[in-house]
Structure formats: C-alpha cells, structure tokens
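Novice: The lines below spell out each chain.
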Amino acid sequence: MKKVSRRSLLKAGLAGGVAAGLAGRPASARATASFGGYPESMGVLVDLTRCIGCRSCEAACNAEQHLPEPDLPFDDTSVFEEKRRTTERAYTVVNRYETPAAEHPLYRKIQCNHCNEPACLSSCFVNAYRKTPEGAVIYDPTVCVGCRTCMVACPFYVPAYAYSSATNPVIKKCIFCYDTRLRYGRPPACVEACPQEALTFGRRQDLIKMGHERIRNHPGRYVDHIYGETEVGGTAWMYLSSVPFDQVGFDTDLGTAPIISYVKEFLTIVPMVLTIWPALFVGFHLLATRKENARDKEKKS
Amino acid sequence: MKKARKIPLSGLAAVLSLGLMALAGGQAVGFDAPEEVTLDQMADLYEPVEFDHAAHIELTEENCAVCHHHTTGETPVQARCLHCHATPQPAESVACADCHPQNRYAASYLRAMTAAPYRYHTDIVGLKGAYHRLCLACHQEEGAPTGCQECHARTERGDRRFHAGAYAPAQRPQAAHH
Ligand code: SF4
Ligand code: SF4
Chain A
56 MKKVSRRSLL KAGLAGGVAA GLAGRPASAR ATASFGGYPE SMGVLVDLTR
106 CIGCRSCEAA CNAEQHLPEP DLPFDDTSVF EEKRRTTERA YTVVNRYETP
156 AAEHPLYRKI QCNHCNEPAC LSSCFVNAYR KTPEGAVIYD PTVCVGCRTC
206 MVACPFYVPA YAYSSATNPV IKKCIFCYDT RLRYGRPPAC VEACPQEALT
256 FGRRQDLIKM GHERIRNHPG RYVDHIYGET EVGGTAWMYL SSVPFDQVGF
306 DTDLGTAPII SYVKEFLTIV PMVLTIWPAL FVGFHLLATR KENARDKEKK
356 S
Chain B
5 MKKARKIPLS GLAAVLSLGL MALAGGQAVG FDAPEEVTLD QMADLYEPVE
55 FDHAAHIELT EENCAVCHHH TTGETPVQAR CLHCHATPQP AESVACADCH
105 PQNRYAASYL RAMTAAPYRY HTDIVGLKGA YHRLCLACHQ EEGAPTGCQE
155 CHARTERGDR RFHAGAYAPA QRPQAAHH
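These protein sequence lines are chains A and B, in that order. Under our numbering, the first residue of the first sequence is numbered 56, with each subsequent residue one higher. Under our numbering, the first residue of the second sequence is numbered 5, with each subsequent residue one higher.
It is worth saying that the hints were derived from the structure and are not from the lab. Errors might be hidden in some of the hints.
[What the hints assert, rightly or not] Pairwise CB distance ranges (calculated): (1) B:121 to A:159: 35 to 43 Å; (2) B:124 to A:196: 42 to 50 Å; (3) B:151 to A:273: 37 to 45 Å.
[Unchecked claim] Only pairs whose alpha carbons sit at most 25 Å apart, straight line, appear in this in silico SDA-like list of lysine to any residue: (4) A:264 to B:152; (5) A:138 to A:299; (6) A:264 to A:96; (7) B:132 to A:104; (8) B:132 to A:148; (9) B:132 to B:152; (10) B:132 to A:120.
Glycine is no exception: its CB is placed at the ideal position from the N, C-alpha and C atoms.
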C-alpha cells in the first residue's frame, strides 16, 4: 500500500476545503479574497480643501499626453458652468461645486482612479488592460477592439473613445503617466503642476495613513472618510473632502466590493455577445469575402 | 530708505542665519532678514516673483511665526504646534526650502518620510505647495490679490502650456460644449 504522508493529506484536505469554501461563497467575496492591490503600489491623495480650480493639472496633462488643443484656454473659468466628464481629448477635468455645506465653491479633479481591482480590466475580453505593480491601470491600444465594454463597466465613467479613425475606435483614458513617469518612480504631470499640493503622490498605504492623520489633526475641516480607501475594493487615487462626498459629485452607493465579480459574471458573458456583434459581423464578412476570393482564384487557375 | 537686496532662494538660508544671530543677541526681530526674496521655482512657466519680504514683516507686525512657524524662536500661531513647540528655540535655519523640499516626490524623500519609526512630520508640503498655501490663504483672508497672474505673469512657455494669450485656440462656435 502506498504510504500517504500526513503533509500531502493535509494539503489535499486544505485545498479541498478551500475550494469548497470558495464555491459556497458569493462571487463578490471570492474576488475580495483574491487580491487587495499591490502592497508597494503608488497613489494620489486629492484634498478638495486645497484645490483652487486653477486647472494647471489639466494643462499639464494635455501637454504630457500630447492631447489635442482644447476648445478654450486652460485659464478660462467659463468651463465650470457645466459639469464636465473625461473625454478622449481630456483625461482629467476639474469641476466646480457650490454646496450648501461650504461658503466657498469646491473644486474636484477627476481622472481614472486606477482601481485595485479594475472593472475595465476584468470586463475586457481581449485583455487589453493591465494593472501594473506601481498602481497604474494601463491598456494596449493595439489590442483594443473598441467594443466599449469597459466604458460600461467602469463605475466612474472614465474610459472614453477616439472615433477619429472610424474603423478602429480605441479607448482613451488617464494612464497615471505610466510610460513617461510612474514607471521611473516619478509623480504624474498633474501632481507636479499643482501649485497647492492638492494632489499628494506617495505609496498608497502611506497616503491612507496620511489622510486619516489630516482628518485627525484638523478637527472640523474634513468629513471623516477617505473616498477610495474602500470603494469598489479600493482605488489608487483617493479623496478628502470638507463636505459630504455626494455633494461634490461622488457616487456614494458603490459599496466596497470590487466590480470585478459581477462584471465577470454578466458583462463578459451575456452582453459581450451584443457588444462584440459589430466585430463579429466584420469578422464573418472578412472570412466570407476571403473565402469567395479564394474560390474565385481557384476557378481562374 | 534702505536699498532692497535681492537674494536668490539658495542664498536665503545663509542670510537668515545671520538674522538669527542678531536675534540671539537681543536685537529686533527680522533685523537682518532679507528685504526681498526672488522666488523662481517655476521660472519655466512663470516670471520669477520678487517677494517683498520687508513689506510682509510690517504686515505681520513683526510676528515671524505667522509664516515661519516655530523656527524663528517665536510662539507658533497654530494651536496644534504648541504641543511640542510652545517655547521654541530659534532653529538652525529659517529658510522655507530647508524644511519644504523642492523635490517633494523624490523616491529618497518619500522613503525617508516613512522609514523613520517615530517621525511625526510625515506630511510636509513641498516648497511650491508651502508658498501657495500660505500666501494664498492669507491673501484670500486679507483681500490681497489671488489671481495666478497677479503674482506671477506667465512666460511664453506658460502661455503655450495653457493654450492662452498668443496660443489661445481659435474661437469655434459652441466652443464650450463638446
Ligand atoms: S476608474 Fe474606471 S477606467 Fe479607471 S481603473 Fe477603475 S474601472 Fe478602470
Ligand atoms: S492644479 Fe491643483 S489646485 Fe489647480 S485645479 Fe488642479 S488640483 Fe486644483
């Protein structure tokens, strides 16, 4: 009889137990247990009490990412008359909020929050996205098929599409200046440009401590919460605010579970067929015509 | 009237330490402080600022602590600082740049901030942030100028960066909407 060591028995038992445990738990819990973000990853703490709405960050982003000329100069404050969203021409925008809780208007810079467990990434069926150990969520435009699933999946409405090329629409969003800065340990261009240091760059885990310290050291200045510490499983970009977050445009109903789990379950399986329908159609068409061409050639020869 | 001296930022530390020696000798506060300081940290996008230090000494009624915290040996203004700095000694340097780093995000600086186990000051703003937050907050409170270009005019490179001035986008219909 083959001797079974206690160790292998234990291992097998453990593995079985874990598998059984996982299978029995809801999908969201499974995802949470799988990954809590890279421990050494970097982030940015955005302090709304410091931002003055100067838009230097927007101007710096435009230059760094070689984005097209804006419609209006970056020192034009008329843009604050509407709430803007990130677009394929502006990876970050600053919005102004008049709130009942504050005497002065508050400004909030938005960009990709570089989630620990990004919904864009998990929903992308061609794996165009990558979360780097430095904390950036980047994408490979040569792989992107422009299906826009990530646009639907992102809880913060971040990814935008460039339609300049009708046949190859491609996703466009903030990449944390990964290529030019973050991978070399440098802060993104917007952070460096900010005169008020409303944007603080550092290790994500240090920034969380720093955020709580700021709240503690300045009684009455902040709401006792760091937005992004736990939302959707945690984000690299996090926010401090002096007024309740829902008054400055934050979605406070996102919960703490990563979007990863339910996106995986329905977005990539059911609607994927719908979203990739144009791509499928083009694919079928190409296949058909190629076959036809081949047949024609055969006939000729 | 005394002739204003222009001291580049790097020279500030040396000059101010002279001032502190005077202070220790029982002389008036700010006796040897610079009259003017050239702030040229952002000189690529903005013209340097000739900061009228003398005028601000008057404006703060010679209470250096309004800007220099505890480093000049005066009682700090913020209650929070009093826990440790209630009876401060003049520091070795009172130059802003000696505590507020120009390169706030250098990897070595970030490491130093968090590596030392009992360090209290781990959230020090960089030099640019220190100036703007201090200056602007006071200017807002006192009704002094607060527009970016009221303190420092943009350079040509700055205009290009902001797509403003000579580099402003051609006006398009519905420009604000896209
Ligand atoms: S904010 Fe949106 S685009 Fe950015 S990482 Fe999260 S899910 Fe992806
Ligand atoms: S550069 Fe800083 S202060 Fe200016 S709008 Fe951006 S975040 Fe706010």
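Novice: Please go over all the hints and tell whether each is borne out by the structure.
Specialist: For each hint, the structure was consulted:
Separation of residue 121 of chain B from residue 159 of chain A is about 39 Å and conforms to the stated range, judged on CB atoms against 35 to 43 Å. Range check, residue 124 of chain B to residue 196 of chain A: about 46 Å between beta-carbon atoms, so the 42 to 50 Å window is met. In this structure the hint that residue 151 of chain B and residue 273 of chain A lie 37 to 45 Å apart at CB is violated, the actual value being about 27 Å. Among the hinted pairs, residue 264 of chain A with residue 152 of chain B is inconsistent with the structure: their alpha-carbon atoms are about 32 Å apart, more than 25 Å.
Of the pairs offered as hints, the one joining residue 138 of chain A and residue 299 of chain A holds, with about 18 Å between alpha carbons and a cut-off of 25 Å not exceeded. Simply put, residue 264 of chain A and residue 96 of chain A have alpha-carbon atoms about 14 Å apart, close enough for the 25 Å limit, and the pair holds. For a cut-off of 25 Å, the pair hint linking residue 132 of chain B to residue 104 of chain A stands: about 17 Å separates their Cα positions. At most 25 Å may separate the alpha-carbon atoms for a hinted pair to count; residue 132 of chain B and residue 148 of chain A meet this at roughly 22 Å.
At most 25 Å may separate the alpha-carbon atoms for a hinted pair to count; residue 132 of chain B and residue 152 of chain B meet this at roughly 13 Å. Taking the CA atoms of residue 132 of chain B and residue 120 of chain A, the gap is near 23 Å; set against the 25 Å cutoff, the hint holds.
Taken one by one, the earlier hints fail for this structure at numbers 3, 4, listed in ascending order.
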